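Asks: Sequence:
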Amino acid sequence: MSEYNLHFNYKDIFLAPRLALSPKKIWVFIFGNLSGYIAYWILSYLSLVLSGIEINEAISDYGLFPCLYGNSAPLISWSIYYAGIAIWLFFVLISSTAVSRITFRQLKGDNFYSANDALDFVMKKWRSVIFAPLSIIFIILIFFLIACIFAIIGSIPLIGDLSFPLLYIFYFFGSIFTVFSFIVFIVSLFISPAIIGSFEEDTIGTVFFSYQITFSQPWRIIIYNALLIPLIIIFMNLFSWFYSMSFSLINLIFGYFMNARFENIMGYSVSIVDTSWISSDPSMIKITLEKGLFGTLTMASDLIEFILSSLFKLFNLFILAIPDFSFESYTGSLTALETISGILLSIPLILLTLSVLS
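So for the sequence shown, my numbering puts the first residue at 14; every next one is plus one.
Quick caveat, the hints were computed from the structure, so don't treat them as lab data.
For clarity, every value in this text was computed on a predicted model and none was experimentally measured.
Incorrect hints may have been included.
[Unchecked claim] Okay, derived cross-link-like pairs now, DSS-like style, lysine-lysine, Cα gap no bigger than 30 Å in a straight line:
no. : residue 1 : residue 2
1   : 24        : 121
2   : 326       : 37
3   : 24        : 37
4   : 24        : 326
5   : 37        : 121
6   : 137       : 121
7   : 37        : 137
[Stated by the list, open to error] Pairwise CB distance ranges, derived in the manner of DEER restraints:
no. : residue 1 : residue 2 : range
8   : 82        : 237       : 26 to 34 Å
9   : 102       : 77        : 16 to 24 Å
10  : 213       : 24        : 22 to 30 Å
11  : 179       : 241       : 45 to 53 Å
Backbone N, C-alpha and C fix where the C-beta goes; we use that ideal spot for every residue, glycine too.
Kindly produce the complete structure, drawing on both the sequences and the hints.
Replies: Have a look at this one:
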């Protein structure tokens, strides 16, 4: 029997923080985030090396947070780098599906549905998780290809002059469907895990539900997310505040008894897990598309740039919620034992940082 009295309207949005604060769900997201991050880290350094940067220099400059942006790199480097981002996104979607499955069973009253059960479920459904968004991209590319074919036909004298005005209405509605499909693709990244986790749909069913929900319930998507996103940001910052206060309390007590040894160990570990550069300049990544990329269709580039920029601004708000694990007393002179201890301490600090984002 479920302990939650669901209303099946906007009121249920306010249950989200309570449902999210679950060690089981946080652990699933940490596992997925860490797996994707490791793949991203390896491929990012591979892309940096292929762009001509020495591995020692790259590790010294970027540490745990490699990034190819700002470097001149060949196509193969950018392909590998974006493959790392795609793999990380895939693991996030897998984790989201597992958490959606746990939440769905929890709302049905099954509080003993374990993380292992959820991971076993997504291992059976991983193809739907990855191929549903890819199928929508494939649909968009098909329409682009058809448009290019008809454009080539339209370039033929006489035939093109007659076919363009006669078929224009079909071109127009095809263009509307292509733009709508791009919006569906963005929406599917957020709702596909919930669709698969609750309805156990395959790829075709997930794509169908993504189109159906986006078309039939657009205002529900907008209003619900307008309520949900501020809740996420507020409670992430609250969660992060507890982490920062706990971090400061440990520093106060252990620093008093361990003195310089504690300062060296903690300072070195914090220097490894340094996220201050992210929070100090969260808008470092900006999306700007070439206006000539779409020819005269500047509205298309404006729409894509607006959507991507909005997503990155939203991402920046989440990044600002990372807990403050700063420590200023690190002198830089360490013994071998302090260096090892600092490296070991950086591992739980990384996991704690990921747990807030999870």
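Asks: Next step is simple, just say for each hint if it's right about the structure.
Replies: Checked hints:
For the given pair, residue 24 sits about 18 Å from residue 121 by alpha-carbon distance, which is consistent with the 30 Å threshold. Of the pairs offered as hints, the one joining residue 326 and residue 37 holds, with about 29 Å between alpha carbons and a cut-off of 30 Å not exceeded. Our distance criterion of 30 Å between C-alpha atoms is met by residue 24 and residue 37, whose separation comes to about 24 Å. The hinted pair formed by residue 24 and residue 326 meets the criterion: a straight-line CA distance of about 26 Å does not exceed 30 Å.
At roughly 17 Å between alpha-carbon atoms, residue 37 and residue 121 fall within 30 Å of each other, so this suggested pair holds. For the hint linking residue 137 to residue 121, the alpha-carbon distance of about 21 Å falls within 30 Å, and the restraint holds. Between residue 37 and residue 137 the CA atoms are separated by roughly 20 Å; this keeps the pair inside 30 Å, and the hint holds. With their beta carbons about 33 Å apart, residue 82 and residue 237 fall inside the hinted range of 26 to 34 Å.
Taken as a hint, the range 16 to 24 Å holds for the pair residue 102 and residue 77, whose Cβ atoms sit roughly 19 Å apart. Between residue 213 and residue 24 the C-beta distance comes to about 26 Å, which sits within the given range of 22 to 30 Å. Checking the proposed 45 to 53 Å range against residue 179 and residue 241 shows it holds: the Cβ atoms sit about 47 Å from each other.
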